[in-house]
Structure formats: structure tokens, C-alpha cells
Amino acid sequence: MSVVFILVFAAILMAGGFLVAFVWAVRSGQYEDTYTPSVRILFDDMVKKKEPEDRSQKTEKGNGETEKIESRGLQSQLAENPQPVTRKIKQN
Amino acid sequence: MSDELKCIHCGNSCGKTPVLFEGNPFCCSGCSTVYQILNTNQLKQYYQIEPMQGVRIDEEKRPANETYAFLDLEKFRSKVLTFSEGGISKVSFFIPEIHCASCIWLLENLHSLNKGVIQSFVNFPKKEVNITFNETEITLRQLVELLVSIHYIPEISQHSIEKPQSSHLDKKLFIKIGVAAFSFMNAMIYHFPQYLPGREFLEADMKKLFGWLSVALAIPVLTYSASDYFLTAYKSLKKKIISIDLPIALGLITLFTQSLVEILSGKGIGYIDSLTGLVFFMLIGRWYQGKTYQALSFERDYKTYFPLAVTKITDSGNTTIPLEDLKPGDRILVRNQEIIPADSILKSSHASIDYSFVTGESMPVAKTEGDFVFAGGRQVGSAIELTIEKDIQQSYLTQLWNQAENPFTANNRLNTIVNRVSQYFTVIVVLIALSAALFWLANKPEIALFAFTSVLIIACPCALALTVPFTFGSTMRHFGRKGFYLKNTAVIEHLYKVDTVVFDKTGTITNAESSKIRFVGKTLSPEQLKMIKSLAFHSSHPLSKTIYNSIDGDELMLVTNFQEIPALGITGKINDIRVNLGSRFFVTGNSSGNENLKTEVWVYLDDEVAGHFQLENEYRSGLKELIADLGKTHELHLLTGDNEAEKVNLVSHFGTEKNLHFNQTPTDKLNYIRNLQKQGKKVLMIGDGLNDAGALNESNVGIVIADNVFNFSPACDAILQSKQFAKLNHYIRFTQRSIKIVNAGFLISFFYNVIGLSFAVQGNLTPIVAAILMPISSVSVVVFASFSVSLSAKLAIKG
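Just so you know, the protein sequences line up as chains A and B, in that order.
Quick note: the first sequence, position 78, residue 78 per the working numbering, numbers continuous.
For the working numbering, add 1000 to where a residue sits in the second sequence, where the first one is 1.
Calculated directly from the structure, the hints in this document are not laboratory data.
Incorrect hints may have been included.
Chain A side only, calculated, beta carbon under 8 Å to chain B, not exhaustive [as the list claims (entries may be wrong)]: (1) VAL4; (2) PHE5; (3) ILE12; (4) ALA15; (5) LEU19; (6) VAL23; (7) VAL26; (8) ARG27; (9) GLU32; (10) TYR35; (11) THR36; (12) ARG40.
Partial pick of chain A residues on the chain B-facing surface, computed with a CB cut under 8 Å [stated by the list, open to error]: (13) PHE22; (14) TYR31; (15) ASP33; (16) VAL39; (17) PHE43.
Cβ atoms here follow ideal geometry from the backbone N, Cα and C, with glycine treated the same way.
Start from the sequences and build out the full structure, keeping to the hints where you can.
This is the structure we're talking about:
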């Protein structure tokens, strides 16, 4: 039966780990806004594809005009074929 | 009306003359400007996420260029910023206009509009945006102006800066619940073997280990999770009040001591699972009850209404000074849409002051040089100069807030149902425990102490304590879903006790926005109406707009020699015929007569005074039914700052003129409520403006009517969406149902207590009985309360 002692301690350690994770989640503010992330995740595509453009704008001064034009092309394609987000927001 | 053009920015009707940009229709140049900004910055997706959800700002409501100049002052910059180091700053703005997915998307893509913005994050429930930005590229003022340029106007006021962080408390409660849940789950595992047949084969070492682990788990629950119960029990005991927390604290301590004794003596494993379970359930109840509407503010005082800084005129030029440095005698400049911070005297020749925050009346009041201007008004039109007469604290309206706390409300707050019930409850439980102990002392002394502690353990009023949070918590949620937002659950009980309802008139029972218009005088030909419409088109005064919209037709005639004379009226020539529109004095040259009774616009046409337009308040729909229904059970009163012009109409609604009071100043309203309360009445005040603020504060329940619940509203107990006004009686009725449900919940928990006590007094309360009975009673009360509230809400509040 002594194996149960090990199991008991393993169990309490695991549960303790979850408790610590929960406390961390609360402290880091994850429960402060439980709604916006559900909307935000639907925008992700756009934001990711925007990043290269931001970088290109920063390097623009060094590399001249061509890169800028390329990224603009990508942008206008995006603007023509954007992913419509059809989710409706509740009004609380 | 399907062929009507809708603005692609805000979805409003474009009217007859849409503003066109790149072939897209807009209702106004403001909307088209935002479109252009977004268009040039590749942010047109804004219009695809949710179409036509843009924010519209009327031309005349746009803040002036210099409005945010005060943010350049170090004093305000450091107050508004939440963090600033090495040029990187963080700021958090409350933006009431945040309402859809497009808003979130645009505000989180602010960095595309200005490279100085590093990151922006929206908190939708709080209607807040948190922005990290580089101050070397964009100043705080420019950032705010950027937000304003896309029509998301942040609210920056004394109140929003000093607002204490409420989320901290929430976090603490979550962690307390987490700790209690952890201990509860683990304690159950250790106790479970003892409840099964064959427990006698459990090794002694194992038993001891489980016992000690349970005690270890109980300690954080008692000292951390349940600390509030001990604290409040102690505090109320010091004030000689028996609150619900006292029997809870007593039960918890007895549970723990009894368990400790059993474990130490090796007799058993104790009741730790029941103890931790109790705390867990009660904390859940507290969390459920503690729900608040994060984006709504019920605590606003006069500071919210006033700007943080004002422009002071000195001989060496204009300077921006903090509001608290303003002294009587100072000369200040108030621009379009800025609020007059203190009672003052007008130095400019004309001003047009919108007192809608104060009175609910949407028509601006004309003032001329030398007139006294009350604080709280908003200048509409060009900038004006004022000389401050009184300190801000001494101003007429702000004094309402500074009056002494109301003795009635202070006393009432403590007298809640739970505390009344728990007073009897505690006394009875202690009596039962004592008599059980005495009985066994005489018959079987060895179990006397056990019977005594058993009674205290099982009678722990957990179910009792859960009834109210869950009933009132769900009631509040149902109200919220229907557009009636309560400050906290205590309001439900106060609303239930109310026997007198006091209405404000303007903006409360009448619509602030729309008004009926009718023409009195000679009959006008269609041609003449067209002329009036054409002339009114050229003025931005709200009255001109109302007249313009009230006349049908879409052709306009050419107006020459147009002139707007501030505070008087407008004049112009159409086909060489002079047309004048304006005040009685302006048009007829005669200012006597029954002026001021109703808003009038006089018309001069074809060399004669043709008559006048009369504007009448429009009552909110459903008012008659509401008054008729409420009048059956409640005493109704009406207080208004207006004159008796509407008396006949109002009497037909209220049936009697006994309780209708006209020409009431804000102080009169406050004293009226006080008088009613002195007669022992429980008063519900329904108002909407700053002038009701004193009365709203004073009454037992103050409800504010608002078109947009996130905008300005004075301090109150509840905010009611104006379109839900006609359902007020249903809400008040529903509180009676809630109280009935609470009473039924009490009965259920008493029933469980009787069962539990029958075990306890016989000295038969084993840990397994406690472990089964206590959670069942809690859970069944919770289920009963939530379920019956949902059910009756469906039946009672429709739509």
C-alpha cells in the first residue's frame, strides 16, 4: 500500500501545479476581459500579413522604392479580398 | 424607404443632399473625413467587418481644436498616463462609443494610422483601449486628437483619472475561490475512502496522513479564503449587530476545531471536506452577486461633468490652467462644446448655452452680455468669454453634492432581509445547541459536547447565505439583459420597498430628442413653406433644424443676403421677398405677452408676421399605461423646473394635480424628497439630468433614464435605457417576485436545517451525513433560485 503514499503526493503536486497556474492566470489579468479575445482571434490573419509591411516601411529608407511598391501591392490585394468577419457582437 | 441612401460610414440616412466621396454616399462631411483617413491608410476593412457601424459626430458637437491643449501640460500628462519611461508611455482611455467588432479592429490597428503607436489593446466589456506609444513620435495630445479624428472620443475627466482600480478586488476573490476549490477537491479525495464499506481495513498510517493533509488544506481556506467572514462577523459584533456572517464564522470555527480534535485523537477524519466545500460555495455566491457593469458608472459626481483644465485669459495671452486653480474674478474662454465650469457672468455679446446635462432640455438657451450663466451648461457655437463669479465648489449645482449625507439612506442600507432573518436564526440555533447539550449532560454526558458542536456545524447558514446572492444576482442579470442596469443587488430590495415614485419631467417622461411642432397663425401656402425651409437650411441652430426637418419636400430655393443674428434669429431674401425666422422680439419687435411658456419660433414673410411655430414636448410612448399601472400601487409625484404650460396635459396623465409641482429648483426637488422621507415614505426618484442629481442621491432608489447608458449620467442606483421606460412597472413588480423567491429559498434551507438538526441533537452527526447534507442543501438552493428567477423573468418581462 505504500505506493499510495507516492500517488497521494504526486496527486497533490499536480493539483498544486494547477492552482499555481490558475493564480498566475488571474494575476496576469486573463480574467479581466473574457470577451474581446474571442473577437480578436478572427482578425489574426490580417494582423499577421500586415507585419511584413510594417517591417518593409522601416527598411524602406535603405532599400529604396521597390520594396514599398511590392508591399503596397500585397496590401491592395488584401483590401480587395478581405476576409469578412461575419460574427455579430452582443451589446451588453 | 428602401431606396433611401445610407451613409456607408455610420448607416444613417443621407437625407436629400448626400456628401459624395469616390462615389460613396455619406450623411455628413465628418463621416466622409473618417472614410478618407481610413482609405488612405489601407484600413478600409473597417467597413467590411461590420458594415455601417462607424461613429457619427454631428458637426456642431465636434470638439474645438484647442480642447485637448491641456494634455500638453506636464501635470495632466503624468496624471493621464499609466506608465512612462524612456519615451515609451502607456495610457488607458474609456471610450463610450466602442460597440462592435469593427471598433475593436480599428482601435487595435491604430499603429497603421500613426507609427508612434506601438500597440493598442481593446477591453470590450469595459469599453477601454490601452495604448502603448512612443512619445518622441506622437504626443499624448496628438494621440487623443487622432482618436477624435476617427470619431472615437475618449472620456477624460477628473473622475476617470482618479477612478480606483476595481479589478484588484475581483482578482483577490478569484484567487480565494481557486484556493478553496483546490482544498475542497483534495479534501474530498482523502475523505472518500472513509465513507465506503470496508473503511476499517484502511491502514492507520494512511488514515493519519489523510487527516493531517486535510488539516493542512483547511488552514489556507480558513485563514485566506474565509477571512472576510471572520472579519465582518467581528466588525458587526463590535457594533452589536448580528449579521449573517456571525453564524457562518461560528460554524466554520466549530467545524475546524471538531475535526482537529477527531484527527488528533485518532477517532476519525473530521469534517474538513464539508468545511472547504462550504467556503467554496459561499465564495461562488459572493462572486455571482458581485457582478457589476464594468462600463457603466453609477458613482459620478460633479467632477465628471467638468473639464480638467480651462483656458484663462490674461493680459499676456491665453494660458491653460488646471480647473482647481480657477478663482472667482478670473476671465476664461469657453469654446464650442466646452462646459462652463463655474457660475459666471457672460462677457461676450451672445452665447447659446445647452443645458441638456442640467435640465434634460435639448434646446440651447440664448444669453446676452452681462447675463448670469450657471455651471454645467455647454456652449454651442463660437467661443465665449466669461468672468468667474463663484468657486466651483460653491456653484449652484455642485452644492447639491456637497450637502450632508442623508440619514435615511445610511440606516436603510444595513437593514437587509438576510440580516433580519439571521438575527433570529443565530439566537435560535444557539438555544437549540445549548438545550441539546443540557439534555445529554443529564442523560449521557460523554456526547453532550459533541451534540452541541454538531448543532453549530449543521446549522451553519450556508444555504441561507446563498439564497439572496443567487436570487438577486440572477434578477440583476435579467434586468441588465432588458436594458435596466442596477448598481448592485441591494437595489432590488430597496426597489421592492418603494411606495412613492417621483418623476422629473423634461427628458424623463418627455423625449429629450424629438418634439412635436405645429404652426399657429395664417395658413401657409406650399410655396411659403418651401421658403421657410430654404431659410432654415442655412442655420445650424437646433430649432432651425427641427423646422427644416418638419417641412416636407426636397427642393430648396436660393437665399440671398442671409444673416444669422445670434440669440435672435435668421433673416434672408428669397425671390426678393424678405423672410425672418426667430424669437418673438426679433420678428414682431414686441417681447411682452406669454413668452417662455412654450418654445416659439416666429415667422415674418410677405411683409407681415405670418405666425409662429410652436414646439411641444412629446411624451414617451407608454407613459399613460405606465402611470395608470403604477398609480394603483404607488403614490405618484411629478417635479419639474418648467412652468405650468403643460399642466393640462400632465393632469390628464396623472389624473390629479395635487402632486404635480412646477417651477422647482434643484434644491426644491431635493427638499421635496427629504420631506416625503420624513413622512416615512420610501421614495423612488426617476430623473435624467444634473439638476436631479441631489434628489437622485437623496431618494431611496434613484433611477436615471438615458438614451445611451454609457454616456453621462448623474450618480444613481440604476440606469434605465430610455426605450425601456414604459416597462418600469414590470421591473418594480418583478422585485416582488424576487423577494418571494428569496423567502421560498429560506424555507428550503430551513427544511434542510430541520433534517440536519434532527441528526445533530441526537448526537448522530457523522462526517458522512455532513458531507452529503451540506452540499445538497447548498446546490439545491442555488438551482432553485437561479431557475425560478429565469422562469418568472420569462413570464413577467416580455420583450
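Here's how the hints hold up against the structure:
1. The interface hint given for VAL4/A is met, as the beta carbon of that residue sits about 7 Å from the closest beta carbon of chain B, less than 8 Å.
2. About 7 Å separates the beta-carbon of PHE5/A from the nearest beta-carbon of chain B, less than 8 Å, and the hint is met.
3. Interface hint at ILE12/A: satisfied, since its Cβ lies 6 Å from the closest Cβ of chain B, which is below the 8 Å cut-off.
4. At its closest, the beta carbon of ALA15/A sits 6 Å from a beta carbon of chain B; the interface hint therefore holds under the 8 Å criterion.
5. For LEU19/A, the suggested interface contact is upheld, since its CB lies about 4 Å from the closest CB of chain B, less than 8 Å.
6. Annotation: VAL23/A was flagged as interfacial toward chain B, and the flag holds, the nearest CB pair being 6 Å apart, inside 8 Å.
7. Annotation: interface hint on VAL26/A holds; nearest CB of chain B at approximately 5 Å, less than 8 Å.
8. With a least beta-carbon distance of about 7 Å to chain B, the hint placing ARG27/A at the interface is held under the 8 Å criterion.
9. Taking 8 Å as the C-beta cut-off, the interface hint given for GLU32/A holds, the closest approach to chain B being about 6 Å.
10. Residue-level restraint check for TYR35/A holds (minimum Cβ-Cβ distance to chain B is 5 Å; threshold 8 Å).
11. Taken as an interface hint, THR36/A checks out: its beta carbon lies about 4 Å from the nearest beta carbon of chain B, inside 8 Å.
12. Checking ARG40/A against chain B: minimum C-beta separation of about 7 Å stays under 8 Å; hint holds.
13. At its closest, the beta carbon of PHE22/A sits 5 Å from a beta carbon of chain B; the interface hint therefore holds under the 8 Å criterion.
14. Interface restraint check: TYR31/A against chain B, minimum CB-CB distance 6 Å, threshold 8 Å, status holds.
15. A least Cβ separation of about 4 Å between ASP33/A and chain B falls short of the 8 Å threshold, and the interface hint therefore holds.
16. Hint on VAL39/A holds. Least Cβ distance to chain B is approximately 5 Å, under the 8 Å limit.
17. The beta carbon of PHE43/A is positioned within 8 Å of a beta carbon in chain B (closest approach about 5 Å), and the interface hint is therefore held.
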